[in-house]
Amino acid sequence: MTTPAPNPAPATSRRPQVTLSSARRRPRKLHTVERPRRSPLLTGLTGLVLVYSLVPLLWLFINATKTQEGLFDSFGLWFHGDVAIWDNIVDTLTYDDGIFTRWLVNTLIYVLLGAGGATFLAVLGGYALATFDFPGKRAVFAIVIGAVAVPGTALAVPTFLMFSEVGLTNTPWAVIIPSLISPFGLYLMWVFSSEAIPSELLEAARVDGSGEFSTFFRVSLPLLAPGIVTVLLFTMVATWNNYFLPLIMLRNPDWYPLTLGLNAWNSQASTAGGEAIFNLVITGSLLTIVPLIVAFLLLQRYWQSGLAAGSVKQ
Amino acid sequence: MTTLSYTSGTRDTPAVPAGRRARRRQWTGWGFMGPFMAVFTLVFLAPIAYSIYLSLFRDQMVGGTTFVGLENYERAFSDSQFWSALGRVSLFLAVQVPIMLFIALLVALAIDSGRLYGKSFFRITIFLPYAVPAVVATLMWGFMYGTRFGLVGNINDALGVALPNPLSPDLILASIGNIVTWEFVGYNMLIFYAALRVIPHELYEAAEIDGASQFRVITAIKLPAIRGALVIATIFSIIGSFQLFNEPSILQSLAPNAITTYFTPNLYAFSLSFSGQQHNYAATVAIIMGLITMVIAYLVQIRGMRKAV
Numbered sequence: 001m002t003t004p005a006p007n008p009a010p011a012t013s014r015r016p017q018v019t020l021s022s023a024r025r026r027p028r029k030l031h032t033v034e035r036p037r038r039s040p041l042l043t044g045l046t047g048l049v050l051v052y053s054l055v056p057l058l059w060l061f062i063n064a065t066k067t068q069e070g071l072f073d074s075f076g077l078w079f080h081g082d083v084a085i086w087d088n089i090v091d092t093l094t095y096d097d098g099i100f101t102r103w104l105v106n107t108l109i110y111v112l113l114g115a116g117g118a119t120f121l122a123v124l125g126g127y128a129l130a131t132f133d134f135p136g137k138r139a140v141f142a143i144v145i146g147a148v149a150v151p152g153t154a155l156a157v158p159t160f161l162m163f164s165e166v167g168l169t170n171t172p173w174a175v176i177i178p179s180l181i182s183p184f185g186l187y188l189m190w191v192f193s194s195e196a197i198p199s200e201l202l203e204a205a206r207v208d209g210s211g212e213f214s215t216f217f218r219v220s221l222p223l224l225a226p227g228i229v230t231v232l233l234f235t236m237v238a239t240w241n242n243y244f245l246p247l248i249m250l251r252n253p254d255w256y257p258l259t260l261g262l263n264a265w266n267s268q269a270s271t272a273g274g275e276a277i278f279n280l281v282i283t284g285s286l287l288t289i290v291p292l293i294v295a296f297l298l299l300q301r302y303w304q305s306g307l308a309a310g311s312v313k314q
Numbered sequence: 001m002t003t004l005s006y007t008s009g010t011r012d013t014p015a016v017p018a019g020r021r022a023r024r025r026q027w028t029g030w031g032f033m034g035p036f037m038a039v040f041t042l043v044f045l046a047p048i049a050y051s052i053y054l055s056l057f058r059d060q061m062v063g064g065t066t067f068v069g070l071e072n073y074e075r076a077f078s079d080s081q082f083w084s085a086l087g088r089v090s091l092f093l094a095v096q097v098p099i100m101l102f103i104a105l106l107v108a109l110a111i112d113s114g115r116l117y118g119k120s121f122f123r124i125t126i127f128l129p130y131a132v133p134a135v136v137a138t139l140m141w142g143f144m145y146g147t148r149f150g151l152v153g154n155i156n157d158a159l160g161v162a163l164p165n166p167l168s169p170d171l172i173l174a175s176i177g178n179i180v181t182w183e184f185v186g187y188n189m190l191i192f193y194a195a196l197r198v199i200p201h202e203l204y205e206a207a208e209i210d211g212a213s214q215f216r217v218i219t220a221i222k223l224p225a226i227r228g229a230l231v232i233a234t235i236f237s238i239i240g241s242f243q244l245f246n247e248p249s250i251l252q253s254l255a256p257n258a259i260t261t262y263f264t265p266n267l268y269a270f271s272l273s274f275s276g277q278q279h280n281y282a283a284t285v286a287i288i289m290g291l292i293t294m295v296i297a298y299l300v301q302i303r304g305m306r307k308a309v
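Protein chains in written order, with UniProt numbering: chain A, 1 to 314; chain B, 1 to 309.
There could be a bad hint or two in this list.
Here are the simulated lysine to any residue pairs, SDA-like style, with alpha carbons at most 20 Å apart [stated by the list, open to error]:
1. K119(B) with P222(A)
2. K137(A) with P35(B)
3. K119(B) with R301(A)
4. K137(A) with E212(A)
5. K137(A) with L42(B)
6. K119(B) with K137(A)
7. K119(B) with Y52(A)
8. K137(A) with T41(B)
9. K119(B) with L50(A)
10. K137(A) with L45(B)
11. K119(B) with R37(A)
12. K119(B) with P135(A)
13. K119(B) with E212(A)
14. K119(B) with L42(A)
15. K137(A) with M37(B)
16. K137(A) with G34(B)
17. K119(B) with Y302(A)
18. K119(B) with L299(A)
What the hints contain is simulated information worked out from the structure, not anything from laboratory work.
The shape of chain A in the complex, shown without the other chains:
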């Protein structure tokens, strides 16, 4: 690394400056490598994938405006005469003594503690891997990378049995504790920390007599913000969308997250004597996805830069 041999990583990160200066020097062409001609054909073809991605969401939204009867006697991709979305929302929130609200609160608790905790642990761990040399570091790295390849199945059943030995099953902890580990988050924070935190800065803080933990909170944490937002978003999606783990761990509907609750509502129609509530399943589904979609849209600047950092290292 001390030789001045060309190194791909710095070359890519220096690119913005290079392209800027070269653009300034060269006379402006209308269509360049940087700004090629727009293609309606390519836009149209890619548009097919766009339509594919949007149609189910559109279907969900349109059908959340229908009554249960309306679902059966109107075309799926257009509105039924009377719009019942408000009634549906109220019914969803109040059905069965407002159990949906309870599931929503449970989900929020799982996300807050599970995703929040997972992000916290991943940030600390990734920072440690990037900035410290400690005994056993290589072993830690090998074990975590190896464990990523282990399928969730191999873990779920024994985790359930272990938790049931200590009486943790059917409590919120059974869902929260396994959510605390995100190997992908650790990897992302490791890559991000080694890119975003110059070792001179840490050295300077040490010379100033700052303790490692206070350096971390005062100096490093602000620099890690985009990476933290990225990991937080992805762990949030993972916990918000979790189905397998709560399915195994929880029996009591009072502890269900939204995903498990919606599935229970849907299965209700096929059980003997169960009331079919498809309009509530559909409206509940819509209410379940809105917060995450809003979070992704609002925070896109952060998670896209975080993801870009992750892919640089690959």
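Go by the hints and put chain B onto chain A.
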């Protein structure tokens, strides 16, 4: 380029030789690493060890738990339900994963080419399904597949035809493949796109001067440059396919006849454990699947890296 601003920020300072990065060998690092590793040991390492232990025993009504060595593994190798489940996810892997990754790659290349109108709208919208829980995605598609108030029913009524039922035993695997593709195309697209963004544009300019066609630029510059991302996405997809559970499990209530209790290995292990109380055998099935997944992921990685040399 907002995405790279922080990197250029750190690189503005003269590059510090890696060997001089002052890293004192010290235990302080464990203060940061410790909490992760403690929980990791509890929820990853301990269950793996416990399931290996479980797989070596048998729990009987009479006689309690006895050590049986590798008997559970022998049973799995002659278990036709396990093989049928494994065959089904292998077929799924061989068909769905290439289609999904190919579409994701095409979209990433199209967005990266800069030739689209409104490219950030494309990027965000195609990614959105990733934020939709598997439960909601499966319910939505399941309803749309339905012949009662779904789109398939609508089309049948409108055109007076009888389309094949997507929820029938013959088509259910393809229908699940479509749901999984819908969920993850955008995610994979974003991985590829992020890797494409960091290719130095000087290469494209050089290629243009040499008169290389767009197709040639893609095969000679872009694809080799993002090989790492392709390998990672393939490995994630392989792991995902072998773990297939949520979609078939949720579709069970909409298509009870099409999805058996041993539809996928994961579903099989789940049924064995929670309906059949055969925890030891379920652990064995899970371990075998874990080993198969690791071997295949490892082979893909070796192959991906060998091409790189």
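Margin query: Checking one constraint from the list: CA of K137(A) to CA of L45(B), max 20 Å. Satisfied?
Written below: Distance of about 17 Å is within 20 Å: holds.
Margin query: Need the status of pair K137(A), M37(B): alpha-carbon distance at most 20 Å?
Written below: holds, 11 Å
Next item on the list: Given the hint that K137(A) pairs with T41(B), test it: the Cα-Cα distance must not exceed 20 Å.
Entry: holds, 15 Å
Notebook entry, point to check: Are the Cα atoms of K119(B) and P222(A) separated by 20 Å or less?
Noted result: violated, 31 Å
Check: Under the criterion that the straight-line Cα-Cα distance not exceed 20 Å, is the pair K119(B), L299(A) satisfied?
Finding: holds, 18 Å
Note to self: Hinted pair, alpha-carbon criterion (20 Å max): K119(B), L50(A). Please report holds or violated.
What the structure shows: holds, 11 Å
Margin query: For a C-alpha distance cap of 20 Å, please report whether K119(B) and R301(A) respect it.
Written below: Since the Cα atoms of K119(B) and R301(A) sit roughly 15 Å apart, the hinted pair holds (cutoff 20 Å).
Checklist line | Distance restraint between K137(A) and G34(B), which requires alpha-carbon spacing of 20 Å or less | finding: Given pair K137(A), G34(B) holds - Cα atoms ~11 Å apart, limit 20 Å.
Next item on the list: Take the C-alpha atoms of K119(B) and E212(A), compute the straight-line distance between them, and say whether it is at most 20 Å.
Entry: violated, 43 Å
Notebook entry, point to check: Is the Cα-Cα distance between K119(B) and K137(A) 20 Å or less?
Noted result: With a Cα-Cα distance of about 42 Å, the restraint between K119(B) and K137(A) is violated, given a limit of 20 Å.
Notebook entry, point to check: Can the restraint linking K119(B) and Y52(A) be considered satisfied, given a maximum Cα separation of 20 Å?
Noted result: holds, 16 Å
Next item on the list: For the pair supplied as a hint, K137(A) and P35(B), confirm whether the alpha-carbon distance does not exceed 20 Å.
Entry: With Cα atoms ~14 Å apart, K137(A) and P35(B) stay inside 20 Å; holds.
Hints 1, 6, 12, 13 from the list above are not met by this structure, while the remaining hints are.
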